[in-house]
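With the hints as constraints, model all of the structure from the sequences given.
Protein chains in written order, with the numbering used here: chain A, 3 to 773; chain B, 480 to 634.
It is worth saying that the hints were derived from the structure and are not from the lab. Please note: incorrect hints may appear among the correct ones.
As the list claims (entries may be wrong) - Listed next, the in silico SDA-like pairs over lysine to any residue satisfying Cα-Cα at most 25 angstroms (straight line):
id	chain 1	residue 1	chain 2	residue 2
1	B	Lys592	B	His624
2	A	Lys760	A	Ala562
3	A	Lys481	A	Gly564
4	A	Lys198	A	His168
5	B	Lys592	A	Ser226
6	A	Lys760	A	His658
7	B	Lys592	A	Gly716
8	B	Lys592	A	Gln228
9	A	Lys198	A	Arg85
10	B	Lys592	A	Asp223
11	A	Lys760	A	Glu473
12	A	Lys481	A	Ala756
Only a predicted model underlies this, so the values are computations on that prediction, with no experimental measurement involved.
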Amino acid sequence: MSTLRDTLLLANVSRRHFLKGLAAGGALVVAARWSPLLADEPLYGAEAMPNGWVDDPNVFIRIDEDGIVTVVNHRAEMGQGIRTSLAMVAADELGAEWEHVRVEQAPGEEETYGNQNTDGSRSMRHWFAPMRRAAAAARTMLEQAAAQQWEVPVEECQVGVHVVMHTPSGRELGFGELAAVASQLPVPERDTLRLKPREEWRYIGQDESSRKRPFAVDGEDIVSGQAVYGADIHLDDMVYAVIARPPIYGAQLRSVNDEAARALPGVIRIIEIPTVGQPAGFEPLGGVAVIAENTWAAIQGRNALEIEWDVEAAGDNARYDSTQYREQLEEAASSPGQLVREHGDVAAAFNEADSLIEATYYMPHMAQAPIEPPVALARLVDGRAEIWAPIQHPQAAREGVAGQLGLAVEDVTVHATLLGGGFGRKSKPDYILEATYLSQALEGRPVRVQWTREDDLHHAYFHAVSVDHLEAGLDSDGKALGWLHRTLSPSIASLFAPDPMHKQDFELGMGFNTMPFNIEAIRLENPEASAHVRIGWFRAVYNLPHAFAIQSFAAELAAAAGRDHRDYLLELLGPERQIDPRNINESWNYGEDPEQYQVDIGRMRAVIETATEAAGWGRELAEGRGLGLAVHHSFVAYAAVVFDVEINSDGELTIHSADIAFDCGLQVNPERIRSQMEGSIIMGIGIALQSEITAHEGQIEQDNFHQFLLPRMGIAPDVIRVHLVNSSEDVPMGGVGEPGLPPVAPALCNAIYAATGKRIRRLPVGNQLTS
Amino acid sequence: MATLTINGQVHEVNAPDQMPLLWAIRDVVQLTGTKFGCGMAQCGACTVHMDGEAVRSCVTPISAAQGREVTTIEAIGEDAVGRRVQQAWLDLGVAQCGYCQGGQIMSATALLKREAHPSDEQIVDAMNGHLCRCGTYTRIQQAIHHAADTEGEDA
Numbered sequence: 003m004s005t006l007r008d009t010l011l012l013a014n015v016s017r018r019h020f021l022k023g024l025a026a027g028g029a030l031v032v033a034a035r036w037s038p039l040l041a042d043e044p045l046y047g048a049e050a051m052p053n054g055w056v057d058d059p060n061v062f063i064r065i066d067e068d069g070i071v072t073v074v075n076h077r078a079e080m081g082q083g084i085r086t087s088l089a090m091v092a093a094d095e096l097g098a099e100w101e102h103v104r105v106e107q108a109p110g111e112e113e114t115y116g117n118q119n120t121d122g123s124r125s126m127r128h129w130f131a132p133m134r135r136a137a138a139a140a141r142t143m144l145e146q147a148a149a150q151q152w153e154v155p156v157e158e159c160q161v162g163v164h165v166v167m168h169t170p171s172g173r174e175l176g177f178g179e180l181a182a183v184a185s186q187l188p189v190p191e192r193d194t195l196r197l198k199p200r201e202e203w204r205y206i207g208q209d210e211s212s213r214k215r216p217f218a219v220d221g222e223d224i225v226s227g228q229a230v231y232g233a234d235i236h237l238d239d240m241v242y243a244v245i246a247r248p249p250i251y252g253a254q255l256r257s258v259n260d261e262a263a264r265a266l267p268g269v270i271r272i273i274e275i276p277t278v279g280q281p282a283g284f285e286p287l288g289g290v291a292v293i294a295e296n297t298w299a300a301i302q303g304r305n306a307l308e309i310e311w312d313v314e315a316a317g318d319n320a321r322y323d324s325t326q327y328r329e330q331l332e333e334a335a336s337s338p339g340q341l342v343r344e345h346g347d348v349a350a351a352f353n354e355a356d357s358l359i360e361a362t363y364y365m366p367h368m369a370q371a372p373i374e375p376p377v378a379l380a381r382l383v384d385g386r387a388e389i390w391a392p393i394q395h396p397q398a399a400r401e402g403v404a405g406q407l408g409l410a411v412e413d414v415t416v417h418a419t420l421l422g423g424g425f426g427r428k429s430k431p432d433y434i435l436e437a438t439y440l441s442q443a444l445e446g447r448p449v450r451v452q453w454t455r456e457d458d459l460h461h462a463y464f465h466a467v468s469v470d471h472l473e474a475g476l477d478s479d480g481k482a483l484g485w486l487h488r489t490l491s492p493s494i495a496s497l498f499a500p501d502p503m504h505k506q507d508f509e510l511g512m513g514f515n516t517m518p519f520n521i522e523a524i525r526l527e528n529p530e531a532s533a534h535v536r537i538g539w540f541r542a543v544y545n546l547p548h549a550f551a552i553q554s555f556a557a558e559l560a561a562a563a564g565r566d567h568r569d570y571l572l573e574l575l576g577p578e579r580q581i582d583p584r585n586i587n588e589s590w591n592y593g594e595d596p597e598q599y600q601v602d603i604g605r606m607r608a609v610i611e612t613a614t615e616a617a618g619w620g621r622e623l624a625e626g627r628g629l630g631l632a633v634h635h636s637f638v639a640y641a642a643v644v645f646d647v648e649i650n651s652d653g654e655l656t657i658h659s660a661d662i663a664f665d666c667g668l669q670v671n672p673e674r675i676r677s678q679m680e681g682s683i684i685m686g687i688g689i690a691l692q693s694e695i696t697a698h699e700g701q702i703e704q705d706n707f708h709q710f711l712l713p714r715m716g717i718a719p720d721v722i723r724v725h726l727v728n729s730s731e732d733v734p735m736g737g738v739g740e741p742g743l744p745p746v747a748p749a750l751c752n753a754i755y756a757a758t759g760k761r762i763r764r765l766p767v768g769n770q771l772t773s
Numbered sequence: 480m481a482t483l484t485i486n487g488q489v490h491e492v493n494a495p496d497q498m499p500l501l502w503a504i505r506d507v508v509q510l511t512g513t514k515f516g517c518g519m520a521q522c523g524a525c526t527v528h529m530d531g532e533a534v535r536s537c538v539t540p541i542s543a544a545q546g547r548e549v550t551t552i553e554a555i556g557e558d559a560v561g562r563r564v565q566q567a568w569l570d571l572g573v574a575q576c577g578y579c580q581g582g583q584i585m586s587a588t589a590l591l592k593r594e595a596h597p598s599d600e601q602i603v604d605a606m607n608g609h610l611c612r613c614g615t616y617t618r619i620q621q622a623i624h625h626a627a628d629t630e631g632e633d634a
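Laid out in structure tokens, this is it:
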């Protein structure tokens, strides 16, 4: 981190007081970072995020006179546990006792809190350091306050647990007793702060012992029905809206007959929302909203609408058929595409090879389908918009609403509720913009827009369908001499601009460019593919198809070579080394500094070894039983998965166990990392076996969970074992929420192959085992 | 108009007979712990007890709840089994986002009330109608066993 930048920041750190720390804005802290002086310097990590980071204790930490420490959490909580984990960091560095720590959710306000866009598995790796500094500054201020009170040198005062101690005299003062004085002190300069060494941490890294009590800050509220999600806010005079949206991306409203709907009890009004063109970005799709006295009346009202859509306005999208599209991509995969990365001469390697192997893999569209469907409540009061919603990216909502209503961003308040799951869906604020539009049409009256499950599945920002074609040439010993990979998917960029027809750097960077195998000749290509529905982020994004294809194909090569899959995979990876992203044409690198964050083959090998050993790789297995392995690097972390499966003569699959070894560097909240890995195993099983969105004549064919299948308890492994390795400060911090997911589906399909000899190349598995 | 007894309190609900109990609980009575997930009994987020039996409130018309004792997640802690289940959920750190967990707890409690020490198969039978997108199933299964094992202990 540059000292120049630090100096600039320090000059502007506001001297607000942490006793009342939430009152004012801290825009100066942020403004300093965007000085033109620094414009030419490449920025990485938290530095590169819009509105960057903030480490002012007055923003994040408040101590009341009763000793309660309130930590402000500014990231979206969607089950990844960030409200607990960032508070653990603050509590540890401050010296607070956990039972006196409370967590308060910040509104969307990046000018105060720094970046709040909760995606990309970034919260901890971008906020561990700023949160520690904020807490260390507060701790220093408490020590200074005690020194003043006792009239002793500050060096003799030290924070213990929720107290400051005067070591020579044995006197103590509680945090609450010091808060008023401490709050009057200036914030110490950043480079004077002492950060606690690891041996002084009481919460960070705590694992099994955290099981002994309800450590998660929202645990009690969740199990008693008190936790507040998007649909749980009631305002006086609020009304409820359900919207009929165009059934095809790009279709326009032609006419609506709302007579029957208006006649229903509880229906108040029908409001048309202008339909959006393409690309839709985060704009609402538009359509016809039914405003009613309760959700059910609004749903009934929508059912009674007679709507004619101008389907031709959707152009090609009106003829979108996902089966034909798959065939079209498979066909296109046989021809060369835009060159992405090349080493050596693949054509020559294939000529020289003893055998050529090829395979084409398919992953369908999927919907994120959080169990809480999109929902938002909005009202307009005195020229300001106020919103309550579950949203991963509150700033995008504020900017969108400001643009929509002609307001300044500061006049849009987003109160972030808990998210009932996000998985990328709630990065997009379209549902919030629907609510503000309707509130404006109702003279500011509070409106809750509720999406039904049908809405959620029909109008998701879908996970991109993907075809991946791979070819390899092996020598007579089975060693891979050449590797060709063509990947074809519509791009998320098609949501914001005319369809680029190619994956963008941030999409190719998700496990395609970064293919880590140590092969002499490599050629990676990206042929064209067009988008016909809204395409958006889904947990782990393009890592899913890339990992599925690459890790399945590696297993196919091992089989072709007659080799043990693990041994062969380790050989493909080659010796421990760092792969510099700049040497593999990888410019995105999850936004991180390529000097610091490289693809570490040693860590990749280590997770393979841990997972396979734990699973008893190589042991004798009964007929119909098999172990399958996959490894993947994503979100600057490393994960390997081994499944133990059994398939009976009727083709019925039982998953006996899953072992996942995971390395994200320093583990702040190991307990929650474990649960994220367990969840990744379950979600990945669904991706492998069940989940598929299809389209016919431009319309999505799945209406609800009887058609879009998600894993249930019955298909869960008997046991999931999570092996966390390398909780080290010697490696840069990695992500957690997403990187466990990509290796799951290929590991499961490799296990199915090991058990049955049946190779799955098209997801989901569906009935392929019984037919 | 329906008379509903929810968590021991009587509510006069002015709504059509066919309105699902879920929306009466959420929008009219304004108890929000019972969640909407699918509207067709596919996900279990809306599960409540009717006379102690787990039902999907999203497909139960209020007319069918008349004269029955409806219990929601907000009151399940007043029941000894319910409290044990909640504690087991906390002890094992089951919840991730937590949205589906109210419904899961309602079904788990109903299961333990009729079967004090359920087998794995019985647990799957009782819980397979619930979806958890965060993927907490293995912990739910463990937590139900844990709650069964703590029977007789103070919750």
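Verification of the supplied hints:
1. B:Lys592 / B:His624: Distance of about 13 angstroms is within 25 angstroms: holds.
2. A:Lys760 / A:Ala562: At roughly 14 angstroms apart (the allowed maximum being 25 angstroms), A:Ala562 and A:Lys760 satisfy the hint.
3. A:Lys481 / A:Gly564: 11 angstroms, holds
4. A:Lys198 / A:His168: 18 angstroms, holds
5. B:Lys592 / A:Ser226: 18 angstroms, holds
6. A:Lys760 / A:His658: 19 angstroms, holds
7. B:Lys592 / A:Gly716: At roughly 21 angstroms apart (the allowed maximum being 25 angstroms), A:Gly716 and B:Lys592 satisfy the hint.
8. B:Lys592 / A:Gln228: 23 angstroms, holds
9. A:Lys198 / A:Arg85: Roughly 21 angstroms between the alpha carbons, so the hint for A:Lys198 and A:Arg85 holds.
10. B:Lys592 / A:Asp223: Status holds; Cα separation ~23 angstroms.
11. A:Lys760 / A:Glu473: 19 angstroms, holds
12. A:Lys481 / A:Ala756: 21 angstroms, holds
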